[in-house]
Each structure stands twice: as structure tokens, then as C-alpha cells.
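Colleague: All chains, full assembly: derive it from the sequences and hints.
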Amino acid sequence: MGKTSSAYWNAFMETLPRDDLVKIQVRKFREVLKHAIKMSPMYREKFQNLGLNPEDVKSPEDIRKIPCTEKSELRESQECGGPYLYGKTLGTDIENLCSLHQTSGTTGRPVYVPDTYRSWQWRIEPWACMLYMMGFREKDRVFIPFGYNVYVAFWSGHYAAEKLGCEVIPGGALDTRARIQKMMELRASALFNTPTYGLHMAEVAKEMGINPSRDLGIRKMVCAGEPMPEATRRRLEALWSADVYNHIGGAETCGWAGMCAEKKDLHVLEPYFLVEILDRQTLSKPCVAGEEGVAVITPLFYRALPLVRFNTNDVMVLAKGACGCGRTSLRIERILGRSDELHKIRGVLFSPQAVEEIICGCFPDIVEHEIIVTRKSAMDEVTLRVEARPSVKKAECEEIGKSLLEQLKVKTNLRFALEWADPGELPRYTLKAKRFKDLRSQEEIYGR
Amino acid sequence: MEGNGPLLTQMAECLRKVEEEAIKLGELSKGIPAVKKNLQPIMVFIDILKFHIPGDVEALEA
Chain A
5 MGKTSSAYWN AFMETLPRDD LVKIQVRKFR EVLKHAIKMS PMYREKFQNL GLNPEDVKSP
65 EDIRKIPCTE KSELRESQEC GGPYLYGKTL GTDIENLCSL HQTSGTTGRP VYVPDTYRSW
125 QWRIEPWACM LYMMGFREKD RVFIPFGYNV YVAFWSGHYA AEKLGCEVIP GGALDTRARI
185 QKMMELRASA LFNTPTYGLH MAEVAKEMGI NPSRDLGIRK MVCAGEPMPE ATRRRLEALW
245 SADVYNHIGG AETCGWAGMC AEKKDLHVLE PYFLVEILDR QTLSKPCVAG EEGVAVITPL
305 FYRALPLVRF NTNDVMVLAK GACGCGRTSL RIERILGRSD ELHKIRGVLF SPQAVEEIIC
365 GCFPDIVEHE IIVTRKSAMD EVTLRVEARP SVKKAECEEI GKSLLEQLKV KTNLRFALEW
425 ADPGELPRYT LKAKRFKDLR SQEEIYGR
Chain B
389 MEGNGPLLTQ MAECLRKVEE EAIKLGELSK GIPAVKKNLQ PIMVFIDILK FHIPGDVEAL
449 EA
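As given, the protein sequences belong to chains A and B, one line each in that order. Residue 5 is where the first sequence starts when you use the numbering used here, and the numbers rise one by one after that. Residue 389 is where the second sequence starts when you use the numbering used here, and the numbers rise one by one after that.
Hints are not guaranteed to be accurate.
[What the hints assert, rightly or not] Here are some chain B residues pointing at chain A (derived, C-beta under 8 Å):
| no. | residue |
| --- | --- |
| 1 | Q428 |
| 2 | P429 |
| 3 | V432 |
| 4 | D435 |
| 5 | I436 |
| 6 | H440 |
[Unchecked claim] Result set (EDC-like, lysine to aspartate or glutamate): computed pairs, CA atoms no more than 20 Å apart in a straight line:
| no. | chain 1 | residue 1 | chain 2 | residue 2 |
| --- | --- | --- | --- | --- |
| 7 | A | K143 | A | E171 |
| 8 | A | K32 | A | E65 |
| 9 | B | K424 | A | D97 |
| 10 | A | K38 | B | D435 |
| 11 | A | K32 | B | D435 |
| 12 | B | K438 | A | E35 |
| 13 | B | K438 | A | D24 |
| 14 | A | K167 | B | D435 |
| 15 | B | K424 | A | E99 |
| 16 | B | K425 | A | D97 |
For the record, the hints were derived by calculation from the structure and aren't laboratory data. For glycine and all other residues, C-beta sits at the position ideal for the given N, C-alpha and C.
Modeller: Next up, the structure:
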């Protein structure tokens, strides 16, 4: 583990003074806007009533006057008919398309994401920049333990790693044990993963009598697909003896931020993207470092599905100060999750990530957990179900449980009931883990 | 920025020549789909190179 040298993909761009960076972004934003109005019926209809002239956009303040794009708008515009799947959202002629992916559909009907050859290469390019920043080089042999399908996750990572000259091993169509054996056989040195699956693979390897840290030679891991609290990242590092890097992205926007070798904050990949962190209530005021806000993204080079100020609904906090790596980009200090993943329980705003952070940070004997919220006699009840390693004894569980409940109370301001599940009882996930179950009805929560 | 300027200008000039030749090749090869399709990646990578070799450094002032 440690820092890598010559860490810049393009030293000129990555260390550009912020004023110059912003000038490029404003200029590229105007181009995106012109393209969107010209080619996408959705944006033409949306902006024509506003009398919006792209040439009038000359500063970040001008950009903030332009309405954001919601995911629901993309869905509605794709559902509105027409001969093709993409409805009014397409930003190119249909004959230019070369591939189709879609969002995961976690929050509703998936959004279809078309690509031309050009737009696909512009998806791969920022990913390549990010992998280089993380220290990926020609000598790396990257194992990707997922079945590739219509969901876009890891496709761009695969091609970006190829672009850097890494050897890429697609590890789909195998179960976890077979994947671990294949990684050993092929001496994979790096892994693209979800945090949840990274933990699960380590657990399965141990069941197979394989110590992932000693026997598996994985020295770099990129996690995507789910929010990863710092404690989870550190646990993965300890389990695998690897440098574990966090990354943020979405199917619509591509990967837009990742960690550098410092492994502290996530660098926004500027100027590939214009990223605004805005106040959650009005989306009109930029947040300063340390404040929680929602990420609004404009991909500046991606044209097949143009996006103008796309509201990701992801809540995060900008980092303060400068990074030791010398890059001048904005940095994300913490990702709190989607705004619809923050829940009100007994009047307290609760993020399930807080529980994951405590468990992964302080309780290595707990391998899986699940949070269940119910309502009894108009009172919210929160139950945490946890599963310990099979080797943990009952008396040890009692000690662990006592300490866990104390920490939960301090960190979340909520009192939890604790239940121990049998080994293997709780579900395991590979992507988009669903460890939070709200069994209260909507009427009970909102009084409708 | 000042230190990078002359080098970027030279690189941008090389890129402009490559682009000109690629466009010329595209015009000459009309009717040969294999050339047209294989030129497509070249044009896309020229597009990406324009980002990495910004000959339009002066455009920062715009």
C-alpha cells in the first residue's frame, strides 16, 4: 500500500488554476446547452418557453439560473412514445447509436441510456483518468466479478482499464467460489467491486480456507455502485491488504469523481464534468465546503443523451482546503446517500449508512446486518438484526451487542432493539444492498 | 499556464495537421464503407485529443 508516483493523466488539465477551469467549464456548458436545444426535443420544449439563449450564459451565476433536470423528466420524456425507446431525450440521430444501457431501476422505471461510438469513448475517458489517478497502470491484471448486462455498471470501467493497458478479466457467469478460484489461478492484482460484494467475497474466501489478504494478491480495489462509508473502505483494506478507492457515478452521468492515491477525498473529474453542490431545499445556492448539499451534474462532453444540470439527488459534502496530490479540482469529502435514503424516525433524520459505519469501523465480528423500522401504537421502533461470524461465542455476542447499542445511541440519537440472526440467515448482496426495511405504511409516516 | 503555452501550441499544430489529413482521407474514400467506419474512431480520438491538447488556450480568455 502507499502513494504512487507520476499520478497525472494530464498534468496540465488536472492542475489548472480554478479560474481557468471554470472558464473552460462555462464555455463547454454553453456548447452542451446549444446541442441540447438543437438535438433533444425534451430540452427544446423545456427551454423554448424560457427564451433561453446559450450565448447569454457567461458565468456560474448564469448557469445557476437554468432549471435543473430531474430523473422523472427523463422517464416521462422516454415514455412519451415515438418510434424509439428514448422518446424525446435523444441528442443524436438514431442511426448514430452503437449501444444501449440502462439505469439500475432502484428508484423506479429504468432510464434508457443510448450511446454513439463518440459518446461511449467520452464515457470511458474520464474513467481512464480516474483509474490512472488511483495508480492503475499497464502491469495491473484487473478482475471484474460481475455478469455484464444491460445495466451499465463496470462496462466503462472495463474499457477504461483496457485503454490504460491493463489486462482485464471479465469474471461474470461464475459463482463467488469459482470467481475466487479464478482470481487465484490468473493471479489477478486488482478488483472492481461493490463494497458489499467485496466484503462478501472476503467472507466466502475465508470459508474456503483462503486468506484474501495473504493468498489472493489483490493490491488495488475500486468500489462503485453503492455509497461506501470510510469505515467500510478501511475494513475492505484490512481484509484484502489492498488500496481501496471510492468512486461516484451514475448511468446517466458516467463516473464523475474518484479518489486519488491520497485516499482521502474524491476528486471531481474536472473539466469533464461541471459539478454543483447546491442547498437541498431550493437547489439555488452553492454550498461551501463542509455543508451538506445535493450534487447537480452536467457532463460536458457527452452528447447522445444530453444532460443539463442533472439533479442526482445524491447528498454530499465538499472538502475543505487543498489535496496533497496537487490537483486543483473540487473534492467530495463525504457521500451521505440519496436524499430519498434519509429517513425520519421518531422525528430524527436517520441515514442507514451511520449503522454501517459503526459496524464496519468497530465490530469486525459482525458480518452482515439489517435495519427494520416498524410502528407500534404510533411509535416508531427500530430493530437492528446482526449476524456474527460462526466462530463467535454467545457470551462474546452479549458483550458486542451491549457496546454496539451504546454506540448506535450516541451516533444516531435513536434507541435500537438488537436481534442476533443465525449464521447465513441474513441476505447477501452483490449490488445495491437493501439493508434498510421500512415497514411503516406511508399513511403512518406522513399522516395522510 | 505560461510554461505550457508554447509546447501546447506545437502539439495543437500537429493535431490540426492530423485532423486535416483524416478529413481529406474521409473525402477521398467515399464509397468504401470499411474506410469510413474505421475512420470514425480516428475522428473520435482526435476529438478527445483536442481536449488534452487544448490549442485553444486563448479561448480561456473568451
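Colleague: Now tell me, hint by hint, if it's right for this structure.
Modeller: So, going through the hints one by one against the coordinates:
1. Q428: Holds, because the Cβ-Cβ distance from Q428/B to chain A comes to roughly 6 Å (cut-off 8 Å).
2. P429: holds (7 Å)
3. V432: Where the cut-off is 8 Å and the nearest Cβ of chain A is about 5 Å from V432/B, the hint holds.
4. D435: D435/B check passes; min Cβ-Cβ to chain A is 7 Å, inside 8 Å.
5. I436: Holds. Min distance 6 Å.
6. H440: With a closest approach of 5 Å, the H440/B hint holds.
7. K143/A x E171/A: This hinted pair holds, its Cα atoms lying about 8 Å apart.
8. K32/A x E65/A: holds (15 Å)
9. K424/B x D97/A: holds (18 Å)
10. K38/A x D435/B: holds (18 Å)
11. K32/A x D435/B: At roughly 14 Å apart (the allowed maximum being 20 Å), D435/B and K32/A satisfy the hint.
12. K438/B x E35/A: holds (15 Å)
13. K438/B x D24/A: This hinted pair holds, its Cα atoms lying about 17 Å apart.
14. K167/A x D435/B: With Cα atoms ~16 Å apart, K167/A and D435/B stay inside 20 Å; holds.
15. K424/B x E99/A: Judged against 20 Å, a Cα distance of about 15 Å means the pair holds.
16. K425/B x D97/A: holds (17 Å)
Every hint, counting from the list given before, is met by this structure.
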